[in-house]
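**Q** Chains as they are written, first to last, in the numbering used here: chain A, 219 to 541; chain B, 219 to 541; chain C, 219 to 541.
Be aware that a few hints might be false.
Listed next, the in silico BS3-like pairs over lysine-lysine satisfying Cα-Cα at most 27 Å (straight line) [to be verified]:
(1) B:K531 - B:K498
(2) B:K375 - A:K486
(3) A:K375 - C:K508
(4) B:K531 - C:K375
(5) A:K392 - A:K531
(6) B:K270 - A:K498
(7) B:K468 - C:K270
(8) A:K270 - C:K531
(9) C:K375 - C:K468
(10) A:K375 - C:K468
(11) A:K531 - A:K453
(12) B:K498 - C:K270
(13) A:K540 - B:K270
(14) B:K375 - A:K508
(15) A:K270 - C:K498
(16) C:K540 - A:K270
(17) B:K508 - C:K375
(18) A:K540 - A:K392
(19) C:K468 - C:K486
(20) C:K270 - B:K540
(21) A:K468 - B:K531
(22) C:K498 - C:K540
(23) A:K531 - B:K375
(24) C:K486 - A:K375
(25) B:K486 - C:K375
(26) C:K498 - C:K453
Residues from chain A that keep clear of chain C, each with C-beta distances beyond 12 Å, as calculated [what the hints assert, rightly or not]:
(27) S236
(28) G261
(29) E276
(30) L295
(31) Y362
(32) L364
(33) A368
(34) G376
(35) H397
(36) G448
(37) V461
(38) Y492
To be clear, the hints were calculated from the coordinates, so they are not data collected in a lab.
Quick reminder that beta carbons are idealized off the backbone N, C-alpha and C, glycines included.
The chain contents come next:
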Amino acid sequence: QSNVTIYGVVDIGVDHRSGSDTYDSRTALDSGLQSGSRIGFRGVEDLGNGLKASFVLEQSIKADLGEGSGYTRQSFLALSGGFGTVALGRQETPQHRFVDAIDPFGGGTVGQANGVYAKTADRLNNVFAYVTPDFGGFSLTAAYTLNGTADESAITKGQPDTDLEVFALHPVYKNGPLHVGLNYIHTEAEAATGDRESDTWELGAAYDFGAVRLSALYGEIDYDNDANYGDDTRKQWMVGASVPVGSAGKFAVSYVTAEFDDLDREGKQIAVGYFHDLSKRTNLYVAYAKRSDEILFKTSGSGAVDNGTGYEKGFNLGIRHKF
Amino acid sequence: QSNVTIYGVVDIGVDHRSGSDTYDSRTALDSGLQSGSRIGFRGVEDLGNGLKASFVLEQSIKADLGEGSGYTRQSFLALSGGFGTVALGRQETPQHRFVDAIDPFGGGTVGQANGVYAKTADRLNNVFAYVTPDFGGFSLTAAYTLNGTADESAITKGQPDTDLEVFALHPVYKNGPLHVGLNYIHTEAEAATGDRESDTWELGAAYDFGAVRLSALYGEIDYDNDANYGDDTRKQWMVGASVPVGSAGKFAVSYVTAEFDDLDREGKQIAVGYFHDLSKRTNLYVAYAKRSDEILFKTSGSGAVDNGTGYEKGFNLGIRHKF
Amino acid sequence: QSNVTIYGVVDIGVDHRSGSDTYDSRTALDSGLQSGSRIGFRGVEDLGNGLKASFVLEQSIKADLGEGSGYTRQSFLALSGGFGTVALGRQETPQHRFVDAIDPFGGGTVGQANGVYAKTADRLNNVFAYVTPDFGGFSLTAAYTLNGTADESAITKGQPDTDLEVFALHPVYKNGPLHVGLNYIHTEAEAATGDRESDTWELGAAYDFGAVRLSALYGEIDYDNDANYGDDTRKQWMVGASVPVGSAGKFAVSYVTAEFDDLDREGKQIAVGYFHDLSKRTNLYVAYAKRSDEILFKTSGSGAVDNGTGYEKGFNLGIRHKF
Chain A
219 QSNVTIYGVV DIGVDHRSGS DTYDSRTALD SGLQSGSRIG FRGVEDLGNG
269 LKASFVLEQS IKADLGEGSG YTRQSFLALS GGFGTVALGR QETPQHRFVD
319 AIDPFGGGTV GQANGVYAKT ADRLNNVFAY VTPDFGGFSL TAAYTLNGTA
369 DESAITKGQP DTDLEVFALH PVYKNGPLHV GLNYIHTEAE AATGDRESDT
419 WELGAAYDFG AVRLSALYGE IDYDNDANYG DDTRKQWMVG ASVPVGSAGK
469 FAVSYVTAEF DDLDREGKQI AVGYFHDLSK RTNLYVAYAK RSDEILFKTS
519 GSGAVDNGTG YEKGFNLGIR HKF
Chain B
219 QSNVTIYGVV DIGVDHRSGS DTYDSRTALD SGLQSGSRIG FRGVEDLGNG
269 LKASFVLEQS IKADLGEGSG YTRQSFLALS GGFGTVALGR QETPQHRFVD
319 AIDPFGGGTV GQANGVYAKT ADRLNNVFAY VTPDFGGFSL TAAYTLNGTA
369 DESAITKGQP DTDLEVFALH PVYKNGPLHV GLNYIHTEAE AATGDRESDT
419 WELGAAYDFG AVRLSALYGE IDYDNDANYG DDTRKQWMVG ASVPVGSAGK
469 FAVSYVTAEF DDLDREGKQI AVGYFHDLSK RTNLYVAYAK RSDEILFKTS
519 GSGAVDNGTG YEKGFNLGIR HKF
Chain C
219 QSNVTIYGVV DIGVDHRSGS DTYDSRTALD SGLQSGSRIG FRGVEDLGNG
269 LKASFVLEQS IKADLGEGSG YTRQSFLALS GGFGTVALGR QETPQHRFVD
319 AIDPFGGGTV GQANGVYAKT ADRLNNVFAY VTPDFGGFSL TAAYTLNGTA
369 DESAITKGQP DTDLEVFALH PVYKNGPLHV GLNYIHTEAE AATGDRESDT
419 WELGAAYDFG AVRLSALYGE IDYDNDANYG DDTRKQWMVG ASVPVGSAGK
469 FAVSYVTAEF DDLDREGKQI AVGYFHDLSK RTNLYVAYAK RSDEILFKTS
519 GSGAVDNGTG YEKGFNLGIR HKF
């Protein structure tokens with residue numbers, strides 16, 4: 219027990235969506251609106267000579283429904299030392315962490331950039347990851363997996379290897395008020411119709427002026443023989459700002475847009491939110507987002523009710539407690 | 219870790235059922251005969267000004283089978299203060315707690331009132347609950363959910379909202395030897411055949427005379443356009459007693475009956491049991507129940523072997539350990 | 219929390235298999251190569267008079283995939299005293315523990331004896347187990363279950379009782395350098411085609427000479443009306459050795475073979491491995507195994523990719539961390 223720390227988040231609130239042509243408006247008590255509800259177990263062992271072994275097992279929870287199983291958020295073993303960190307297992311992608319760090323909504327609530335700004339992958343299975351030591355604020359993460367979405371298959375001779383191979387590279391500089399980084403992700407899988415690939419490029423930065431933190435993201439996803447998009451390119455960007463309000467509050471605003479080169483679909487989202495700390499571990503939040511798009515909203519709460527339902531407006535009011 | 223308390227129950231014993239016309243008698247090692255086996259994680263944070271945030275994540279376990287997943291017993295976040303407590307998430311109903319508290323078997327073993335005495339709901343999803351402060355022993359619980367059995371649906375325009383809406387009210391007075399309370403539960407769902415509703419009323423009381431604790435429950439469930447019962451009323455009552463035996467023992471006995479106004483089905487159950495503490499946390503139990511009914515027994519152990527099997531006699535012998 | 223200890227293993231590494239006629243070679247990051255990744259909760263309560271209550275809830279994890287649910291490894295309640303230990307619930311079989319203890323690979327990596335040497339059962343549901351006190355190194359374990367693979371069924375009158383009844387007996391002597399034991403397991407289930415039974419006999423021993431630990435196992439499984447093997451006998455044996463290398467290393471080697479009396483299938487496996495401690499809790503491992511058999515390999519990693527795929531060569535390189 220002395221080896222293990224239990225931690226987590228219980229986040230629950232009201233999610234209201236409206237403005238769909240097909241569906242009635244939906245009001246729900248949903249889990250994980252600002253941050254995914256979770257329970258995690260982690261530990262560190264000092265191996266001597268500056269070497270450390272550590273592990274994380276982190277389970278996703280839907281507190282509104284009493285659901286939770288597996289350690290789908292993260293489950294990995296890491297070795298750290300002067301050389302940096304090597305981590306093996308199911309892990310968050312550098313993209314996931316970086317995009318959410320730049321986003322003034324932190325990747326949470328209906329106001330999250332991810333409502334329109336697509337991430338290639340939030341988490342991947344079977345990842346070999348390497349993170350360099352911190353060089354005066356600069357570090358580099360490289361990650362590779364032979365199958366990011368399931369167990370590596372035993373492939374019958376002569377058949378295509380449909381496992382999703384992924385390579386990711388993420389140089390980042392974080393120092394004082396500045397956070398700037400680059401993402402590259404390559405995905406690849408064989409299919410009967412030929413190889414399917416995607417290349418994601420992403421540049422993002424945030425600068426904290428004290429009275430306001432400004433942030434911007436630009437990304438491209440180049441699809442090659444994609445099952446949904448064929449050969450096309452998705453271009454997307456976000457600009458946002460957050461402003462401290464008193465000692466406990468934060469106001470956030472963002473504008474996000476995405477479009478394809480060929481496909482006639484595009485999306486725009488404008489979002490505002492306010493976050494209020496009751497303590498270091500507990501805060502209230504309220505957020506509103508409106509979009510006009512043909513790229514469908516992604517949901518942030520329990521139940522993927524927004525994917526495919528075409529809701530144009532969303533409202534969140536809730537509470538997040540960290541433990 | 220300092221923020222989280224791990225607690226739980228491992229309860230396991232022998233369950234023997236017999237007297238079915240259709241099935242051979244069944245002997246089994248079953249989990250959760252007296253109290254559902256479980257593991258839980260909970261924590262409290264003091265927010266200052268008398269305000270507290272707390273959470274509970276409680277998983278159901280079948281120790282005989284090595285099963286357990288999700289936090290289906292309870293998973294909620296609560297804020298407490300001078301105003302009382304507001305709790306959001308999947309929660310036990312006031313009925314569940316009250317009926318089990320009045321029942322001399324505490325809602326456990328084959329002797330539980332629930333074998334014949336139906337509860338409308340033990341637990342519900344998506345609950346907004348409010349509990350008043352304690353006023354000299356009196357308190358009131360109000361609970362509401364937009365869908366008690368699953369995630370709130372996105373309803374296609376023009377289609378019925380089949381989500382199970384539930385409202386519950388529970389005034390209770392607990393002071394010294396007396397425990398008396400009232401339950402009201404209203405359920406409602408739209409169906410193609412019109413609205414389906416139920417109203418449950420319940421009055422219960424227990425008085426502890428020291429040498430004996432007497433208890434009684436009376437309840438009615440009024441069904442309106444119910445999928446199983448149409449328009450009918452179920453009337454049910456329980457009388458019971460428990461007697462301390464020495465410093466570590468307790469003997470329990472109860473008689474339960476239920477019948478419908480229109481439907482020609484009724485049930486009777488007589489049960490005896492003995493509970494013996496090995497410590498504050500660990501006890502042995504033995505219980506026997508016999509029924510003559512056409513309302514089928516509910517099971518208390520792993521596997522719903524009694525539902526629909528028509529066993530008329532049940533026997534339990536087991537051990538319960540709390541941690 | 220003071221009552222509960224959290225413990226576990228995160229084991230992850232590279233598994234490479236090749237030499238199949240049907241499948242391409244497979245390279246994977248897999249979990250649990252040396253020891254199954256797991257997280258467990260356990261506790262002990264002193265009941266006085268030399269009596270103790272204890273429990274174990276142990277969940278299996280696939281760290282490469284973020285999977286884990288239930289407590290399928292172990293979930294039981296035990297009472298211990300001068301009389302020995304009685305344990306109730308899902309438990310490891312004495313065979314599982316004994317075979318793995320004799321095996322120089324400890325039942326782990328691609329080199330485990332279990333690749334060719336079949337165990338009748340690793341874990342069983344609904345087990346009543348009794349372990350005698352230790353008599354100068356000698357102890358006896360007896361275990362019985364009415365259904366080792368699922369919940370005990372409610373059997374319709376006149377139908378066969380298909381539940382898998384199992385009885386196991388395991389006398390063992392462990393003293394200083396010597397570990398010697400005997401296993402007997404009887405399984406029995408009714409089927410429409412008549413009773414199905416199996417009897418497993420097993421003798422194993424290991425002796426630690428300091429510079430080398432030698433070990434050997436011989437086992438027979440007599441099948442009677444088996445669904446796969448009809449009436450036949452499987453005979454299998456293993457010889458192995460392990461040699462300490464310095465203060466932190468261990469080299470292991472084993473040869474395993476199995477054949478049937480009637481059925482024309484046999485298997486041979488030769489394996490070598492090296493285990494290196496980074497600390498008491500963390501070690502690296504590397505192992506290689508080659509087989510020539512028609513009894514198919516059992517897999518040791520995530521995903522049963524070896525069962526039925528006919529890989530003839532396996533290689534593991536990984537790290538195991540205990541917490």
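**Q** Against each hint, give a clear statement of whether it holds in the structure.
**A** Here's how the hints hold up against the structure:
no.	hint	verdict
1	B:K531 - B:K498	violated (30 Å)
2	B:K375 - A:K486	holds (25 Å)
3	A:K375 - C:K508	holds (21 Å)
4	B:K531 - C:K375	holds (17 Å)
5	A:K392 - A:K531	violated (34 Å)
6	B:K270 - A:K498	holds (13 Å)
7	B:K468 - C:K270	holds (22 Å)
8	A:K270 - C:K531	violated (33 Å)
9	C:K375 - C:K468	violated (57 Å)
10	A:K375 - C:K468	violated (37 Å)
11	A:K531 - A:K453	holds (23 Å)
12	B:K498 - C:K270	holds (13 Å)
13	A:K540 - B:K270	holds (13 Å)
14	B:K375 - A:K508	holds (21 Å)
15	A:K270 - C:K498	holds (13 Å)
16	C:K540 - A:K270	holds (13 Å)
17	B:K508 - C:K375	holds (21 Å)
18	A:K540 - A:K392	holds (25 Å)
19	C:K468 - C:K486	holds (23 Å)
20	C:K270 - B:K540	holds (13 Å)
21	A:K468 - B:K531	violated (63 Å)
22	C:K498 - C:K540	holds (9 Å)
23	A:K531 - B:K375	holds (17 Å)
24	C:K486 - A:K375	holds (25 Å)
25	B:K486 - C:K375	holds (25 Å)
26	C:K498 - C:K453	violated (37 Å)
27	S236	holds (34 Å)
28	G261	violated (5 Å)
29	E276	violated (8 Å)
30	L295	violated (5 Å)
31	Y362	violated (10 Å)
32	L364	violated (6 Å)
33	A368	violated (7 Å)
34	G376	violated (9 Å)
35	H397	holds (28 Å)
36	G448	holds (28 Å)
37	V461	holds (37 Å)
38	Y492	holds (33 Å)
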